[in-house]
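Q: For this one, chain Z is given, so just place chain Y on it according to the hints.
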Amino acid sequence: MHIFLLLGLVLCSILAVFFSDLLKAAISLAGASVFLALVLFEMGATYAGVFEISVVAGLITVLFIATISLTEKKEDAKHNKRMRLLFPLVFIGFILIDVLVMSQYLVKLSSLAGPAETGVFGQVFWGGRTFDLVAQIAIILAGVFCVLALFRKRSGDE
Amino acid sequence: MSIPFIAVPLILASIMPLIGKISKRFLPDLLTNTAFLFLLLYSVFAGRQTLLNGADVWKAWWFGEALNITLVLDGFSALMLLTISLIGLSVALYSINYMEHYEAKANFYALLLIMIAGMNGLVLSNDVFTLYLFLEVAAIASYGLIAFGLQRDQLEASLKYLLLSSVATAFILLSIAIVFGLTGSLQLDKIAEGISASNGLPVAGFCMALFIMGFGLKAAIVPFHAWLPDAHSSAPAPISAMLSGVLIKVSGIYALTRVCFTIFGMQGGLGQVLMLLGIVSILIGAIQALGQNDIKRMLAFSSISQIGYIILGLGVGTPLGILGAMFHLFNHAIAKGLLFLNSGALEQATGTRELDRMGGLARKMPITAGTSVVGSLAIAGVPPLNGFWSKLLILLALVEAKYYGLALIAALAGILTLWYYLIIQRRAFFGKLNETWNHITEAPFWMSFSVLLLATACVLIGLLFPAVILDWIKPAADTFAAGISQTIGLLGF
Numbered sequence: 006m007h008i009f010l011l012l013g014l015v016l017c018s019i020l021a022v023f024f025s026d027l028l029k030a031a032i033s034l035a036g037a038s039v040f041l042a043l044v045l046f047e048m049g050a051t052y053a054g055v056f057e058i059s060v061v062a063g064l065i066t067v068l069f070i071a072t073i074s075l076t077e078k079k080e081d082a083k084h085n086k087r088m089r090l091l092f093p094l095v096f097i098g099f100i101l102i103d104v105l106v107m108s109q110y111l112v113k114l115s116s117l118a119g120p121a122e123t124g125v126f127g128q129v130f131w132g133g134r135t136f137d138l139v140a141q142i143a144i145i146l147a148g149v150f151c152v153l154a155l156f157r158k159r160s161g162d163e
Numbered sequence: 032m033s034i035p036f037i038a039v040p041l042i043l044a045s046i047m048p049l050i051g052k053i054s055k056r057f058l059p060d061l062l063t064n065t066a067f068l069f070l071l072l073y074s075v076f077a078g079r080q081t082l083l084n085g086a087d088v089w090k091a092w093w094f095g096e097a098l099n100i101t102l103v104l105d106g107f108s109a110l111m112l113l114t115i116s117l118i119g120l121s122v123a124l125y126s127i128n129y130m131e132h133y134e135a136k137a138n139f140y141a142l143l144l145i146m147i148a149g150m151n152g153l154v155l156s157n158d159v160f161t162l163y164l165f166l167e168v169a170a171i172a173s174y175g176l177i178a179f180g181l182q183r184d185q186l187e188a189s190l191k192y193l194l195l196s197s198v199a200t201a202f203i204l205l206s207i208a209i210v211f212g213l214t215g216s217l218q219l220d221k222i223a224e225g226i227s228a229s230n231g232l233p234v235a236g237f238c239m240a241l242f243i244m245g246f247g248l249k250a251a252i253v254p255f256h257a258w259l260p261d262a263h264s265s266a267p268a269p270i271s272a273m274l275s276g277v278l279i280k281v282s283g284i285y286a287l288t289r290v291c292f293t294i295f296g297m298q299g300g301l302g303q304v305l306m307l308l309g310i311v312s313i314l315i316g317a318i319q320a321l322g323q324n325d326i327k328r329m330l331a332f333s334s335i336s337q338i339g340y341i342i343l344g345l346g347v348g349t350p351l352g353i354l355g356a357m358f359h360l361f362n363h364a365i366a367k368g369l370l371f372l373n374s375g376a377l378e379q380a381t382g383t384r385e386l387d388r389m390g391g392l393a394r395k396m397p398i399t400a401g402t403s404v405v406g407s408l409a410i411a412g413v414p415p416l417n418g419f420w421s422k423l424l425i426l427l428a429l430v431e432a433k434y435y436g437l438a439l440i441a442a443l444a445g446i447l448t449l450w451y452y453l454i455i456q457r458r459a460f461f462g463k464l465n466e467t468w469n470h471i472t473e474a475p476f477w478m479s480f481s482v483l484l485l486a487t488a489c490v491l492i493g494l495l496f497p498a499v500i501l502d503w504i505k506p507a508a509d510t511f512a513a514g515i516s517q518t519i520g521l522l523g524f
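Protein chains in written order, with the working numbering: chain Z, 6 to 163; chain Y, 32 to 524.
Chain Y extracted, bound-state conformation:
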């Protein structure tokens, strides 16, 4: 039964302002974190059930009447739900201390919970219009969360994101309308049948292009990435972690792959287009990250580069490539979430995001520095951390498919990644301590606890990667590779 993934955050969000009237901090903190802990445990349970019993199709009933609410939980959805819940819990724990200096904590939690409900609904939906609606739920909540601090740069970033996101949704909606006109259905499996029966109409290719542009904008793939550095660097740190760690993957990568691959398969050069977009994103993201002085902007550009790796792996289209892409999606969510949370701790302690003004902070903030090293090395792909295995799988898939040139570029870009992450470490944490920061101390307990949780996940996933791949990543990749034929069988079409 998958409905708690949507119902729990939505119901809690709707009563959160009332809870905020009773208790400004304690009850909102307690209830939100309990809800996230429940969602994480439930996603582990649901994932195990999916592994043992196959995809689960849940239909809603109301006093004996069947409602047209069908939630499909397969291996791919289970992996995404686990990712959302894990990062969500870390962000909620971190927010206990971090959001203290913002007003209206209950409203913040309400918006965060709605964003989670939106992402969970998107992941569990099998209907392209419902998917679009939940995409909007998550997007609207994220506009509010980015601008939550009410600073000028935050409002500007939120507006920029809103405008570009509206363009993305216009593309997506137009494509949905044309697909509906072509096939007479909004269900992914039925649309897939209709499109394959239409026998290669040019308009189907047009729809595919619109979906790639729309979801590509949401995923911030180059050249649709202009909004991301502003939005992700201006938002409060926990929200940057949610956006970079999860939202761009759910509303961009997940939606793109679910819709495009289910409907169109790997036909019409889709793989080549994705590989091209992937490699360009890897390079441009990495090169732009190198030139940044603002730590959050550097991390934001790094996200564009790492999304490129995921797209590249998906574009190869082989089982190994898809496996590597799924694993990198999961690993990047954890490591980038960790790094954004650490950047928030640095900003809160020093009042700046500029690397030039930091230096030697490892002595004052050992937990933040230590976990930052783990996160940086994980994303850069240093063994035995989790990011190493996922990048290795993507590179092996490229070599196996005889894309030697792309494999070489991706490997060299990995060195660039290591370079700019070492720059962050050296300029922020090592070297001589800037005297201005003599008074600062380590981040408060819950902020440190949440980053330790994610850093431990980076190490453990790296060390136990065969088990993680077998239990979580392979079922997701198998579901993805097989399209949703499994679901079609279950639904009885």
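Excised from the complex, chain Z in its bound form:
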């Protein structure tokens, strides 16, 4: 199960980088966030999962899509072949560092106090973090009003 979720996360992340269409890239990123949140739930980090799914998968994706839908589609940018080769190299380097360094760090963390604030998704989301929902509504409003304010001339011209 973990492997399946991890593969989904990596696949969606790679697609988010490789899609030249911004809308598809944003949706892939949201997919990656959902997979990451599921990984976090599976591993018992309910809080982190709640934050990931509510902030990244939900809120940021809404803002991305709103902004992208307001921008004009221009001709495809020229892709630099070197940049395309660079990504797999960075990715492999990252995996190596992750295996060598982060695995040791995680061993150290296990000796620390375990998270006390845990629970199922519903409890944490609706019961434990109610105030965050108010803040998230405010963030959505801020994002929407920013888009309305900054794109007002464009909509006026059209």
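Some clues are possibly wrong.
[To be verified] If you want the footprint, here are the derived chain Y segments under chain Z, 3+ residues with CB under 8 Å:
| # | segment |
| --- | --- |
| 1 | 33–47 |
| 2 | 163–175 |
| 3 | 259–271 |
| 4 | 286–293 |
Hints are computed from structural coordinates only; laboratory data are not their basis. Model, not experiment: these values are computed from the prediction. Backbone N, C-alpha and C define an ideal beta-carbon position, used for all residues, glycine too.
A: Only chain Y this time, still in chain Z's reference frame:
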């Protein structure tokens, strides 16, 4: 009950575009200013209640079910709420006339109200993740407000601020994640217990460094100040006043002190680090302000210098130092708000921000000139204005703690401050009137009224400073000095 501080601006902001459809100017102006007046009066009432009854912990209920919304209003929060509401009201009054030549006034007010809701939420939160979320609320609204004029320099400044602010939030979020991993909690008081029980783990010091970098970037402390001169000088004048007067203090100084001092206390050389950052900010801000020709950039660099004084006072860590820092935070918000609003009046009248092209404007704009003199002298620390007392308290705290060298540098930097503010006055308002400006007139009524309000506050606070200190500043400093042990007791942990 503290929820109106968040609910009123948020609800009004959410319906503001609809109101803007009904009435483009009158209703948005009226409702926004009424909301700000209510918030100011309510913050005075809440502050008095806190003074009489101690800290207030408010929990939300929904049809008999307890919701996990806990707002903590103590002396420190009350002072910040008063500052936000006072500058907010002045800015809203000023915007009645100033924002006339911008489109979409209702959207402007909506973003302004959301920024206020974000700052109020940040101030009332006792949970480090909620604090972070409200920090983002205020930040996102401020990106939109800086770029509101849609000019190239405004968009560039907004983007620069967004990028550097994202770095700051990355530091803050990383630190929150590590602290959560260490202690298993996100509540400030519980984290403090967990950190003290962890017995000086090196990772705790790493978290402290991340918080200082993150909130330091938000507060524009040197060397994290690169974004501020562009952002504060490019934004519309009322927003510059909000950013320099309030936002950097709430999302920078308040959040830094609340989080760092509550969680880590004054251990691990935190005081020394803050004093060093403070004195460097004072000097670099003042020296860079001297070389500016753009009035708003000069004021922006001055903000960096004055933030340095606040950080220096906090770094001393003695009750007197903290008292001076809190008082200077309040005084600088009022005086710098006033000066930025005046710079907007000058820019609107002359079409320029360059001091070289101004001159002799006092004859044409007596209210703007008079209030500018008051604001400048207040920030420079000239008696009997408010800034004099707060700087005096900081200097006395430094001398009392035997930091004679720092006290001397801070005092000399005060002379530099007076110097560059006198440059502004001389080049903009006095001397021979530039013939180009023969046609200009004083700023419109509401713009003049709002700066008169702030100038009066500068004078009255200076004259009545013992009462202000006893009723507002000392409770804030006491709360800060005592950490949140008072709140811990109230919450029953």
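Q: For each hint, tell me whether it holds in the structure or not.
A: Taking the hints in turn, this is what the structure says about them:
1. Residue count for the segment 33–47 of chain Y with a Cβ under 8 Å from a Cβ of chain Z: 4. That meets the three needed, and the coverage hint holds.
2. For the segment 163–175 of chain Y, the stated coverage by chain Z holds: 8 residues have a C-beta nearer than 8 Å to a C-beta of that chain, and at least 3 were required.
3. Check on the segment 259–271 of chain Y: 0 of its residues sit with their Cβ under 8 Å from a Cβ of chain Z, so the three-residue criterion for coverage is violated.
4. Three residues within the 8 Å Cβ limit are the bar, and the segment 286–293 of chain Y against chain Z gives 0, so the coverage statement is violated.
The structure fails hints 3, 4 (numbered hints given earlier, in ascending order).
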